Amino acid sequence: MKLLFERSRPGRGMEYLPACNTPPAEFAPGQLRNAPPRLPELSEVDLDRHYTELGKQTHGVNDGFYPLGSCTMKYNPRVNEALAALPGFSELHPLQPAETVQGALEVLYRTEKLLCEITGMTGMTMQPAAGAHGEYTGLLLIRRYHQSRGDMARTKIIVPDSAHGTNPASAAMAGFTVVSVPSNAQGGVDLDALREAVGPDTAGLMLTNPNTLGLFDPNILEITRIVHEAGGLCYYDGANLNAVMGHARPGNMGFDCVHVNLHKTFSTPHGGGGPGSGPVGCKAFLEQFLPEPRVRCVDGEYRFFTPKHSLGRVRSFYGNFAVVVRALAYILSLGRGGIPEAAENAVLNANYLMNRLAGHYDMACGHSSCMHEFVIDLSRLKAETGVTAMDVAKRLLDFGIHPPTMYFPLIVHEALMVEPTETESPETLDKAAELFLQIWQEAHDDPELLHTAPHTTPIGRPDEVAAARKPVVRYSFES
Amino acid sequence: MNIPAELKYTKSHEWLKAEADGSYAIGLTDYAQKQLGDIVFINLPAEGDTVTAGEAMADVESVKAVSDVFSPVTGTIAAVNEDLMDEPQQMNQAPYDAWIAKIGDVTATEELLSAKEYETFCSSAKE
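Chains as they are written, first to last, in our numbering: chain W, 17 to 495; chain Z, 30 to 156.
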């Protein structure tokens with residue numbers, strides 16, 4: 017399809033601004049540009065059609081199945097949107113005095129209390145704008161804690177080799193050195209390697225549980241004990257909280273701080289539909305370091321306050337507030353019974369789909385059951401047919417299914433990581449299973465069909481290598 | 030799989046070659062580049078940087094992932110192959126010519142494998 021610049025015609029632009037009644041300011045020579053910016057000029061209807069056409073070429077959870085592992089692409093209930101759109105929320109100014117926005121403060125306060133209950137923490141900040149931002153904030157808490165005790169030698173963060181790539185990246189950004197510990201044959205943390213890795217330089221451990229293989233680590237209490245005994249703290253990456261919410265709490269597993277992804281677990285828009293939100297919770301001894309402002313309730317009145325040794329702001333104002341409204345709507349809709357039930361159905365759906373595929377596809381580490389997601393290991397299929405995880409993922413696009421996460425976790429070479437979520441029906445899962453099995457058959461009968469997939473999408477297979485090596489990120493007016 | 034007999038190897042899939050001037054050239058093995066897929070970017074160390082055996086000295090990005098390149102030796106970066114910035118595909122096309130850095134003043138070495146040992150290590154890793 018054509019770019020806005022290609023649709024542009026001189027003089028066709030829109031001007032909605034009224035005439036300016038302020039005299040123009042005087043500028044010194046050299047302060048003004050010599051030529052106007054070369055912006056595309058389109059009529060409103062052409063602009064509208066351009067974006068509508070773009071929208072038709074995307075795939076969201078509203079279009080079809082979206083089993084993107086570790087991303088929890090669950091359906092986002094419409095009621096969330098209706099509540100976030102209430103004028104009392106949507107027409108606020110972030111600098112309004114607290115007494116005029118008591119309802120908004122109550123939303124922050126109540127969401128914090130509920131998320132603390134779900135995670136087993138005592139305090140939380142709503143500021144971080146996404147998961148990795150939450151990781152970074154949590155690591156700053158860990159750093160402040162060690163510094164406050166005068167323990168400056170703790171410079172290392174331990175991360176399992178199955179971790180999300182953001183974990184080591186966040187640790188490096190927060191000024192730590194990353195130490196990777198290997199997984200054992202079952203895909204959990206290798207306890208001996210962990211015992212060897214910890215020491216007086218250990219600042220902490222970052223872990224997601226269930227891990228990226230969809231496995232609840234049976235040694236979780238031993239893992240956090242080893243780190244604590246070495247003097248380090250334990251950080252829980254909440255990416256996979258959907259599998260355990262309402263059943264098991266990071267706080268009870270021994271974690272000291274945690275981020276949750278409202279855009280994964282708590283049904284707020286995700287990906288291109290964001291923005292995200294990654295609240296960070298902690299146990300009482302870390303609360304004094306949390307970012308400001310926090311909200312407390314004094315005699316029925318909600319007020320902002322700054323924790324005693326706050327590490328300051330990590331984002332402007334109060335984080336992505338409207339996302340917090342959606343998450344609160346979700347938690348209150350599901351209630352005490354619905355939250356664990358959602359986790360149960362997420363695990364049930366993943367196990368159902370995994371077992372429908374297990375007769376043909378190999379599962380990573382030979383697992384026969386999983387939590388909320390599972391990892392297919394396509395090494396054997398590749399060796400037998402030449403068909404790769406990439407080929408299978410691309411072929412799924414032909415059937416209107418968003419591909420699973422590919423080539424992750426890195427410890428599985430031809431990995432497809434599938435997370436169906438609880439909001440999919442048995443019919444959707446059955447249809448997906450049939451298509452997966454059809455693709456398995458195609459791989460054996462006609463591998464070329466898969467090498468060249470997708471065949472029905474607006475664009476085929478883009479040259480990712482050329483795009484990465486020689487990216488074109490600017491419109492060239494000359495051509 | 031291409032594993033030249035005259036080179037030394039690490040379990041993290043780097044190759045090591047003794048140069049005439051006493052420094053060591055480091056690169057990624059054929060096995061490593063096959064696992065990574067098309068390499069699209071490399072983050073090189075700077076000349077004069079000190080590197081430690083077993084710790085990251087560079088990172089490479091493929092369409093699949095970003096991966097560390099670990100230094101097999103402790104020493105000082107004597108030279109870096111800046112051609113790889115423009116043509117990272119050299120690491121895919123000729124992995125044993127595409128040296129990443131040369132390291133001098135070597136004071137310690139990681140456990141190194143012979144070509145035969147490395148071949149055994151790779152075939153056991155596959156299973």
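Because the hints were derived from the structure by calculation, they are not lab data.
A couple of the hints might just be wrong.
No farther apart than 20 Å at their CA atoms in a straight line, the calculated lysine to aspartate or glutamate pairs in the DMTMM-like style are these [stated by the list, open to error]:
1. Z:K63 / W:E400
2. W:K486 / Z:E84
3. Z:K46 / Z:D115
4. Z:K40 / W:D177
5. Z:K37 / Z:E116
6. W:K486 / Z:E140
7. W:K486 / Z:D88
8. Z:K40 / W:E480
9. Z:K93 / W:E57
10. Z:K93 / W:D62
11. W:K18 / W:D62
12. Z:K63 / W:D393
13. W:K486 / Z:D59
14. Z:K93 / W:D393
15. Z:K40 / W:D479
16. W:K398 / Z:D67
17. Z:K93 / W:D177
18. Z:K63 / W:D479
19. W:K486 / Z:D67
20. W:K486 / Z:D112
21. W:K486 / Z:E111
22. Z:K37 / Z:E84
23. Z:K131 / Z:D50
24. Z:K63 / W:E480
25. W:K398 / Z:E140
Quick caveat: nothing in here was measured; it's all calculated off a predicted structure.
message = If you test the structure against every hint from before, which numbers come out violated?
response = Hint check: 2, 3, 5, 6, 8, 9, 10, 13, 15, 25 fail, others pass.
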